[in-house]
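Here the protein sequences come in this chain order: A and E.
1 is the number of the first residue of the first sequence in this note's numbering; add one for each residue after it.
1 is the number of the first residue of the second sequence in this note's numbering; add one for each residue after it.
Quick caveat, the hints were computed from the structure, so don't treat them as lab data.
Note that the Cβ used here is the ideal one computed from N, Cα and C, for glycine as well.
Fair warning: there could be bad hints in the mix.
[Stated by the list, open to error] Lysine-lysine pairs mimicking DSSO-like chemistry, simulated, CA-CA at most 30 Å apart:
(1) E:Lys367 to A:Lys161
(2) A:Lys161 to A:Lys303
(3) E:Lys157 to E:Lys110
(4) A:Lys32 to A:Lys446
(5) A:Lys297 to A:Lys203
(6) A:Lys161 to E:Lys453
[Unchecked claim] Residues from chain A that keep clear of chain E, each with C-beta distances beyond 12 Å, as calculated:
(7) Ile70
(8) Ile130
(9) Arg151
(10) Phe178
(11) Thr274
(12) Gly410
(13) Gly447
(14) Lys452
(15) Arg453
(16) Gln490
(17) Met495
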Amino acid sequence: MEGNVILLLPVVCPILAGVLVLAGKVFRKDRKSLMAVLLAVLLLEAGLTAWALTSGGSIQVWRLTSQMNISFHVDEISRLFGALTAAVWLLVGIYSVAYMSHEEEEHRFFGYYLIVVGVLMGLNFSANLITMYVFFEMMTLTSLPLVLHERSRAAVMAGLKYLFYSVAGAFLALFGIFFLAGVAEDLTFAAGGILNDNMVAGKEGLLLASTFCMIVGFGAKAGMFPLHGWLPTAHPVAPACASAVLSGLITKAGVLAVIRVVYFIVGPDRLWGTWVQNGWILLALMTVFMGSMLAYKEPVLKKRLAYSTVSQVSYVMFGLSLLTPLGFVGALSHVVFHSVIKHTLFLAAGVIIVTTGWTRVEQMRGLGRVMPLTLGCYTIASLALIGIPPASGFVSKWYLASGALSSGTGIWSWVGPVVLLVSALLTAGYLLPLTIQGYFPGHDFKGEEIEKRKLAGKEPSLWMLGPVGILAAAALLFGCFPDSIVAMAQSIAAMVL
Amino acid sequence: MSFVQNFPFFSIILAMFSGIISSVLSGKKARNLTLMMIAVTTALSAGTLMFCLKTGESYTYMMGHFPAPWGNEIRAGVLEGVTAVLFGIVMFLSVTGGLDHTARDVEESKQNLFYIMIDLMLSSLLALIYTNDLFTAYVFVEINTIAGCGLIMIRQKGRNLSAAIRYMVMSQLGSGLFLIGLTLLYDVTGHLLMSPAKESVELLVATGRYRIPLLVIMAVISVGLAIKSGLYPFHYWIPDTYGYATPTGSAVLSGLVSKGYIFLLIKIFYRVLGYDNLVGTHMVNVLYLFGVCGMIMGSVHAISETDTRRMIAYSSVAQIGYIYMGIGLGTTAGMVASVFHIFAHSATKALLFISAVGLYEVSGDRKDFVSLRGAAFRNPLAGIGFSIGALSMVGFPMLSGFISKLLFATSALDSPEKMMPTLIVLAVSTLLNAVYFLRLVITLYSRRRPEDKPLPKQTTVRSSWALRLAIICFIGLNLVLGMSSQPIVQAITDGLAMFD
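Bound-form chain A, shown alone (with noise of 0.2 Å):
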């Protein structure tokens, strides 16, 4: 073990701690010190994040074969997805305190919560494609528990088709490993790919295929067509703070896995113009309309924002199958801006889901005289959403379009746009109707339901406020002040292109 000990610290901490919980008996009965715990090793997460971050350096863990070893590093990369893992999974853990209190067994959802932030800080860490592979597999066994926290039969058979969507994606991921690690002596990542022209002399066409694979199978936790079929089944089932980081960070875990794959190991000039770049903005674009016209007829909220998170991460896999620099700023803001916004989402659709018990949309008629302030955060997320200026959406959709259109990729770069403009129109139309039903019931509306179960002015409590209120005051002010983002994005940019 050699190299800056730090950067175990965010990865084994919370790990350790989630062990701890499940197997203390303690937990189990004494709500107060696990809150404690969680809150206490949540806070202490974000700290050594911050100083592994500030600290960078890499180092060597373990030395699994000759060629591959596990080790972490931090550049860039690492340090965008890590600060953004980080403060979410701070701001839903504190309001998931408040939120899990009415569900059972608290004591393992809230293990498995600490043990995935550790498993994401790994990913996030990874300084070679052994690494990050070791990091997903774990990630996607560790994330099941969260998935399966109900144990009801719709609950297992979620469970069952995450992890059968997810373990093929990784298998089809790992013929691809399994490639590279047999032409490439070493797997580190480098900024531009660590591939020559020696290494691949004769196999073009097999590198070629296994990129595609890896881009398909790591597309599987980014929810991208065709392997996409998991998100709307297994997000909904979940308790709503598990489906918040199961939609707005274990998803950008298959995005960063496909930025590590393309951009640091088989290099953006080796896929340009190739069937790969072709094949995979194709599967974006459909991604990205498919989800929102599926969003669009759902009727099931927490369903109708998880295809939502369908559609718009393909907006982060559009973004970087363009392969320009301007293209994959929009996709890397928008990682961060999707984020934000889809928690923000998913915890306002809790909070309506706790209070009110209601699940479809045209039950939540009159909402605004339930909670204004939470409908109040929903909508502004929404805007964001949609890319309404000034809010963050705008910025990166900004980006991806106007990467499109100079990518120089042919036909893509005019149908790009459309189907991104086409989606945005359609976001609108799947995410508004809840602001203006809720806002404006109509006359006919009487809101007997409402004085009868005495629910009017019922907002939540601070825990479960706070959170919502500060990420939705982020996806507005991310907006405003896109600066820092977008030059960290550009930097990297500069870096890998």
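Dock chain E against the given chain A, drawing on the hints supplied.
Here is chain E on its own, set in the frame of chain A:
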């Protein structure tokens, strides 16, 4: 000659004698004797291994005072040492893990017979590993078969008898073919010791004489041992045999016995027939084809099984397919991968069989999916053990199965015409593995439903310490194979180089 060089011979004879002594002991004493014997032989094998690693070369050991080309010989090198140590460990843990089940399943008066079978089994396995002499190999192949039948039959339930008979018939078929191969080989070369036989074979190949007989010899020996190790399509005896034997019996039969035959086959390939000759005659392609079919078909059968023990048994068919596929690649890298998979699979499969016992115990000894629902909550350690075994089979990183898949895939890249089929079949078979193993793992961790039939009154509530210890050690073994595979792969590579 160093004293350590006697160790292989000591370990074989020690195992044999403790079998003989066990016949007059009570069950309990026989058990203790056997456990002690396994520990000692493993230590002896470890000594041999250390010696070979230190000197960096193999040695042959003359039995009696008949010099070559007569007499019989033992040969020990790094590969033999590693295999013997690993087999010893797996044997010890399998016996430990099954202790209380053996006590329950086997009649009181026949307990010592069970341990005799274990002793004979170990002694024959060691002999198969160490032998440098084809006829000794044949004799111990037969001893192994008989011990194997005994292990299956000793449970004396209806299906066990038919399973044992089926095993007997198939095994005898395999032994018969093997014997025919040896006879033919003796006819054309005039030797039974491996080294002089190989010289003759090389001469025959160089001069081009006896081409057809040599081809027949290769085919008959390969098929004979393939039948005995359960290569698809000769696998029909596997599910019954592994499915109905005692837990120890299943773990030993699937984890070790079939691997012993494969090891012998590899040894014969390298030390008698010449691996290059097999590649030259395209014999390996046949094995490759069978292996690839086995990888897929074994998993397909496993998916349709509802009895989990038979499911695990069918998964062995698939894994044996992996091993033959690696042998069939016709490269040294492929062979290294196969040998590593022999180790990985014996550690993993024994873990699965043994931890499955822990799960059956808390489910009223039922083995179907529905009864096992939630079993991992009733016996957490066994649940963890089974999950780790299953994940290793599927090929999750940091576990032994991942390393063997990696070795298979990277070795496939060296042989251009077999690369694509190998990679595709690996991918498909991995997915199929995932389908049935992960389904079972999820079942273990899901909640019992109200409509499920109630479990019968539970026979054991807590597993014995022996079982727990075995599970923990098996998990450790798996992690060691998965996380620090480098020295083992290196030893295999060196050992294979010493074979020539």
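Results for each hint:
For the hint pairing Lys367 (chain E) with Lys161 (chain A), the CA-to-CA distance comes to about 24 Å; that is within 30 Å, so the pair holds. Pair hint Lys161 (chain A) plus Lys303 (chain A) holds up; C-alpha atoms about 15 Å apart against a cutoff of 30 Å. Taken as a hint, the Lys157 (chain E) and Lys110 (chain E) pair is honoured in the structure, with Cα atoms around 14 Å apart against an allowance of 30 Å. A threshold of 30 Å between alpha carbons decides the hint, and for Lys32 (chain A) with Lys446 (chain A) the separation of about 41 Å lies outside it, so the pair is violated.
Distance hint between Lys297 (chain A) and Lys203 (chain A) is unfulfilled; the C-alpha atoms sit about 45 Å from each other, more than 30 Å. Taken as a hint, the Lys161 (chain A) and Lys453 (chain E) pair is honoured in the structure, with Cα atoms around 26 Å apart against an allowance of 30 Å. A cut-off of 12 Å between C-beta atoms contradicts the statement that Ile70 (chain A) is not in contact with chain E; the least separation is 8 Å. Remark: the non-interface label on Ile130 (chain A) conflicts with the geometry, its nearest Cβ contact in chain E lying 7 Å away (cut-off 12 Å).
Against the 12 Å criterion, Arg151 (chain A) falls within the reach of chain E, whose nearest CB is about 5 Å from its own CB. Residue-level check failed: Phe178 (chain A) sits 3 Å from the nearest beta carbon of chain E, not beyond 12 Å. Every beta carbon of chain E lies more than 12 Å from that of Thr274 (chain A), the smallest distance being close to 19 Å; the non-interface claim holds. Residue-level check passed: Gly410 (chain A) sits 31 Å from the nearest beta carbon of chain E, beyond 12 Å.
Every Cβ of chain E is farther than 12 Å from the Cβ of Gly447 (chain A); the closest lies at roughly 39 Å, confirming the non-interface assignment. The Cβ of Lys452 (chain A) lies farther than 12 Å from every Cβ of chain E, with a closest approach of about 33 Å, so its non-interface assignment holds. Consistency note on Arg453 (chain A): stated as away from chain E, and its beta-carbon is indeed over 12 Å from all of that chain's, at 30 Å minimum. Consistency note on Gln490 (chain A): stated as away from chain E, and its beta-carbon is indeed over 12 Å from all of that chain's, at 34 Å minimum.
Separation of Met495 (chain A) from chain E is adequate, the least Cβ-Cβ distance of about 28 Å exceeding the 12 Å criterion.
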